[in-house]
Amino acid sequence: MRTFFAGEYDVVVLGAGHAGCEAALACARTRLKTLCLTLDLDAVALMACNPAIGGTSKGHLVCELDAMGGEMGIAADETYIQIRMLNTGKGEAVHSLRAQIDKRRYHERMKTALENQENLCLVQGECEHILTKNGKVNGIITAEGAQYHCRAVIVATGVYLKSNILIGDFVRESGPSGLLRANGLSSSLTELGFPLRRFKTGTPPRVSGRTIDFSKMEPQYGDEPQHKFSFMSERSTRKQSLCYLTYTNSNTHKIILDNIERSAMYSGLITGTGTRYCPSIEDKLRRFADKERHQLFIEPEGLTTNEMYVQGLSTSLPADVQTDMLHTLPGMENCVMMRPGYAIEYDCIDPLFLKPSFESKHIEGLFFAGQINGSSGYEEAAAQGLYAGINCSLYLRNEAPLILSRADGYIGVLADDLATKGTNEPYRMMTSRAEYRLLLRQDNADMRLTELAYRTGLVSEERYARLMKKKENIAIITKALDKSVPCDEKLAALLTLKGETVPKSGGVKLFDILKRRTISYTELAALYDTLTVNDEEAITQVEISARYDGYIAKQKEQVERFKRTENQLLPQDIDYAAMDGLRIEARQKLAAIRPLNIGQASRISGVSPADIAVLLIHLKRNEAQHGV
Amino acid sequence: MQNNDLIYALATPVGGAIAVIRMSGPECKAALSRIFTGKVQHRYASFGHIVYNGETIDEVIAVCFDAPKSYTGEEMAEISVHGGQATVSRVMEVLSLIGCRCARGGEFTERAFLNGKMDLTQAEAVMDIVNASSRRGAKSALEQLQGKLSERIQEIESELLDALSGIDAAIDYPEELEEDVFSMLPSLLKGAYAKTEVLIKEGLSAKVLREGAKIAILGVPNAGKSSLLNALLGTERAIVTSIPGTTRDTITEAVSIGGMPVRLIDTAGLRETDDEVEKIGVSLARKAAENADLILIAIDGSKPLTEAEKRLFDYSDSHECIAVICKNDIERIITTEEIKESFGINAFSVSSKSGDGIERIKTEITKRIEPENESPVITNIRHIEALLMAKKALKNAVDAFDILDAECLATDIRSALSHIGSITGKEIDAEVIDRIFSRFCVGK
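Line by line, the protein sequences are chains L and Z.
In this text, residue positions in the first sequence follow this note's numbering: the first is 1, and each later residue adds one.
In this text, residue positions in the second sequence follow this note's numbering: the first is 1001, and each later residue adds one.
Don't take every hint at face value.
[Stated by the list, open to error] Example chain L residues on the side facing chain Z (calculated, C-beta under 7 Å, incomplete):
| hint | residue |
| --- | --- |
| 1 | Thr-56 |
| 2 | Met-85 |
| 3 | Leu-86 |
| 4 | Asn-87 |
| 5 | Arg-286 |
| 6 | Ala-289 |
| 7 | Lys-490 |
| 8 | Tyr-551 |
| 9 | Asn-622 |
Since the hints were made in silico from the structure, they are not lab data.
Keep in mind the model is a prediction, meaning the values are calculated, not measured.
Even glycine gets a Cβ: it sits at the ideal position worked out from N, Cα and C.
Next comes chain L alone, as it looks inside the complex (with noise of 0.2 Å):
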């Protein structure tokens, strides 16, 4: 095809998913002149499965993701039609924020963002082709044979690389939803050294609302007050969606199971890996065969839709058999199924190909987000997107990378499995993956990354000063709190209405005493007019301190081992293959992902602690006779 000279830019974003959007909002931003290419501009941020976004330590993602100046945060507080903290029952580390999202404004919402976005161009059209010159990315070709010169590309296609639906025996070669697929991009990056792989992933039917009969089923209720996912939103009191909660019967399984050899999954038509993370319902029978029901939310997909989410349900059986069992389900007998659910799979790359900034390791300027590195859900893409997004343009403003550790946050986590570890499934977050969870909460996000984003020009002045602010009256808090004061009448009296004991005689703590569980920041101060702070996030800090006191303590210490290893850096010219001592399989692994320092080296699987003793022996005799 005759190929003609489209425009220059900084760098290209190829996806308008949720990583998509968000590096492209990242680059526009730090005033990188930026093209988005979409394969369908009516498809920009589509929440191709579950109307939802947040959840366990995915809410831990959007928030750190807001606290850095990422949009999902903000557009999720925008669109919500439903909005509950889950693990309320347990203690703050791992309360997660869950909204229901109203999908067809999002999609708009992040759509007006990126079209009204200084520096940014949204465009229509599928890349075929990734130009390198000299092991550097310069520029790219559209299906069309639009050329596009660039200093770097963002490779953030989703599961749109020659992704197959597959509903029973029926397969289409076809993204996500019917959308087109894009065909041309996996031989390009087969070209330039990334072995592909094929992943596996899917989504359950969609119910018309109008035909369910929701009174034989449980309501969910969203909470009131309505919490907020961003640092930078107000509190909402918009009117609330409702969700229903539904069970699987004897009946569904049996049609399940009898029609099992019809799924996808089972007649041998898929050949991608799929994940323990998201099983089909026809994997949940056969793996817990003696579990008699199985929980099914039923979720509204939006305000102006009677469509609804069946999550629990996802299936690659035939349509007629996705009709059949929902039938069975208590107030679902006569409803008319909108969507069948189906499974989908799809070309992605070995996040073991790239640096921990999700840069790829052997050519500069090109960057990987998303799904495409083997995670799934939208806020893991969101995070890679915004972290690709901020180092792409570091990378071409010359200054260091911002790498995130694991006691930084949850995105640091999820930088570091992918990048040190691999994954041989989708990847999802997991608050089980970070050794540091009661560090890392949603609460402090921002006291953990605003800071650390603030040189990449992406944190408003607006949300730095906000922090300063909070964290200034933590300080005076804290010091108010550190004062002994006597154990007079009222405050005996306040102890036990709280039914606690009353320390004996003497001082106490007044730190001490918002220790236990029981007793509020507000009930003291209602006492003690040295305390006068009334800013509500920063009085949540403390109490949070003064409650996981003693494990805070512990985690910190351990984050301090940690750091020891994570601060002492590994040269990347290294030659482990010389590197007397090592075990052959070290020697590989190191060399295959060249690791940045001594800690990320000792997380690689057949990397031993013997092996990490022969490194540190090597470098120090480097240090020596180098004289460094």
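Once you've looked at the hints, dock chain Z against the given chain L.
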């Protein structure tokens, strides 16, 4: 390496009259002064008591060294405590309670090197040590333990993994998890705690650990027994001459082999003699052999076997024996295969001069002296240390169960698991996630 944590290790095997515990790392003196009543001062041997929580544990002498004027180049202390097993393990327990960590093998030396206390030639020697340990590292510590014992540790680990994966499933899937994972927790945790405690107790009271395994070196005069002893010790301790009959008494040396305390007993050469003094030596040698847990039969490899030497192998009917063909560096006419064939016991050849073959013998010794007949116990002090740390974390979880949030409990259990993982070599995160998805039907 900058900014190390505070480590300690037993520098002498348990069982001697005095045991020396070394500490190294930042704030070493401050840590010591928290539990030691005597003066804490550079190069000053000070008498005092080890006191923890009001309990006086032992009367000791402690010497401190300021950085960098110490072996490791860090702040160090050496505490000489009374050598009884109970005292030594209690002092070590107290050290871990105040935040010290049991050193890995070779870690003192490693630190000395990294702090520039050794030159490059010495560093090469350290590399050898590390290389040797990396070869051993290929075999996990767990495999070195006996089957039954590793089963017991894995049982504790498995219970804790069940507990943790239950809590983590509840945290990660609050809406979907229908099983009650919390009601079983108290019994799981108490069970794991009790089992850990038993393992530690058994280990600490084990005979080998308490007294050190007794290994007698037997042989005819001038077979190379003393050279073998010295090679095993790594020092010139026994007098070596080429005059037969030099060792007339038994010489006992304490040493640690494979993490276990060992008493090596060098004996007078066994031969018929009229010399009264030598006669006493020979009868002492026979007595030492009778009482030994393991006998090393030293053979002079440069000459054909004598009748006297052949008779030494009679001990193999009643005792654990290893044959060692000495003087490997002189022309050798006896092979290990011949010995094996003729007498049915494992043989090794060694050059006491160059040290060739010594490591193999040490490995064989370790294999043999681990108690097999009595109920298997943990004899490696580092494993016991790991269990002590796990026990400490679990105690917290058990004691405060009713008031702790799930995520705090999880923190304690994870901490216990990471200590146990240092024995079993398991990666906790992957294990926990595997268990969540194999036990619970979660995920959408």
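Structure-based check of each hint:
1. For Thr-56(L), the shortest C-beta to C-beta distance to chain Z is roughly 5 Å, which falls under 7 Å, so the interface hint holds.
2. With its C-beta approaching chain Z no nearer than about 10 Å, Met-85(L) sits outside the 7 Å limit, and its interface hint is violated.
3. With 7 Å as the threshold, the beta carbon of Leu-86(L) comes within range of chain Z, its nearest partner Cβ sitting at about 5 Å, so the hint holds.
4. Below 7 Å, beta-carbon pairs count as interface contacts, and Asn-87(L) has one with chain Z at about 5 Å; its hint therefore holds.
5. Taken as an interface hint, Arg-286(L) does not check out: its beta carbon lies about 11 Å from the nearest beta carbon of chain Z, beyond 7 Å.
6. For Ala-289(L), the suggested interface contact is broken, since its CB lies about 10 Å from the closest CB of chain Z, more than 7 Å.
7. Violation of the interface hint for Lys-490(L) is found here, the shortest Cβ-Cβ separation to chain Z being roughly 26 Å, above the 7 Å cut-off.
8. For Tyr-551(L), the shortest C-beta to C-beta distance to chain Z is roughly 5 Å, which falls under 7 Å, so the interface hint holds.
9. Of the supplied interface hints, the one on Asn-622(L) is violated, with its beta-carbon coming no nearer than about 12 Å to a beta-carbon of chain Z, more than 7 Å.
Hints 2, 5, 6, 7 and 9 from the list above are not met by this structure, while the remaining hints are.
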